[in-house]
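Q: The chain contents come next:
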Amino acid sequence: MLVSNIEIIPGKKITKHLGMVQGNTVRTKHAGRDLMAGLKNIFGGELVGYTELLQEAREEATERMVSQAEAIGANAVINVRYSTSSVTAGAAELFAYGTAVILD
Amino acid sequence: MYDLIIFLTLMALGYIFGRIAEARHFKSIMDREKQYQHILTFSERFPPSGVSRVNSELVGGNVVISVDYFKRIVAGLRGIVGGQLTSYESLLERARREAILRMKETAKNMGANMVVNVKLETASISKGKKQQVGSVEVYAYGTALIPKTP
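Top to bottom, those sequences are chains A and B.
Be aware that the first sequence starts at -15, since it is given in this note's numbering, and climbs by one per residue.
Be aware that the second sequence starts at 46, since it is given in this note's numbering, and climbs by one per residue.
Okay, chain A solo, but in the shape it has when bound (with noise of 0.2 Å):
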């Protein structure tokens, strides 16, 4: 499966288009990470561990998004963008969509 965040890819076809595919994610921290970043809200830097939990959420997301596009049948999933939102406090989304296609 070959994920893109451009709309040509070099040396290959589009053949079919079949929609839009999406997946999501909503994420929240725990107490341990939480009591962290509460430190590091103090010290000011980098806190690692939601760093750690955002990539992991994205990866799931991108995940889902393309376990909708095998089902359909698409080889490859072009134009991908992802997107985050904040829920509730201490919960966020994290969205990845794009398009499904099937690649010459």
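Check before you lean on any hint, since a few could be wrong.
Only pairs whose alpha carbons sit at most 27 Å apart, straight line, appear in this in silico DSS-like list of lysine-lysine [as the list claims (entries may be wrong)]:
1. A:-4 <-> B:72
2. B:193 <-> A:-4
3. A:13 <-> B:153
4. A:0 <-> B:164
5. B:193 <-> A:0
6. B:164 <-> A:-3
7. A:-4 <-> B:164
8. B:193 <-> A:-3
To give an idea of the interface, some chain B residues facing chain A are shown, with a C-beta separation under 10 Å as derived from the structure [stated by the list, open to error]:
9. 59
10. 106
11. 114
12. 182
13. 186
The set of hints was computed from the structure by calculation and includes no laboratory data.
Everything numeric in this text was worked out from a predicted model, so none of it was measured.
Quick reminder that beta carbons are idealized off the backbone N, C-alpha and C, glycines included.
Starting from the known structure of chain A, fit chain B onto it as the hints suggest.
A: Same frame as chain A, now just chain B:
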């Protein structure tokens, strides 16, 4: 009285450690920017003309950075009179440059020589007391073009 002492201690800790951390971070960003300079990044939607025979792969890098206590208080004070919030400016600048660097690092490990259609996304993740934004997340993503070996 105790509250005041705690407050002043937090201010001092935030000022000292925040300053050291920021200076160190900027230095490391500049070093790595030089190191990854040969990987070109484009915000254009299409690869530069003449590029073919490549494999493409989605790459990304993210970072969550928090502002220190001192700067948050200063920003709060600045909110009264209005104007430029330098403390948050430097926070966002650091986060963006770091995210782009991490993306480039991933691209480099894949053997890519350029990344096209780079998008940056910013989100405020945790909100501290009184709904003050404490930390930002920046995610940079793009399509890495990896030359095919004949």
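Q: Which numbered hints are broken by the structure, listed smallest first?
A: 1, 3
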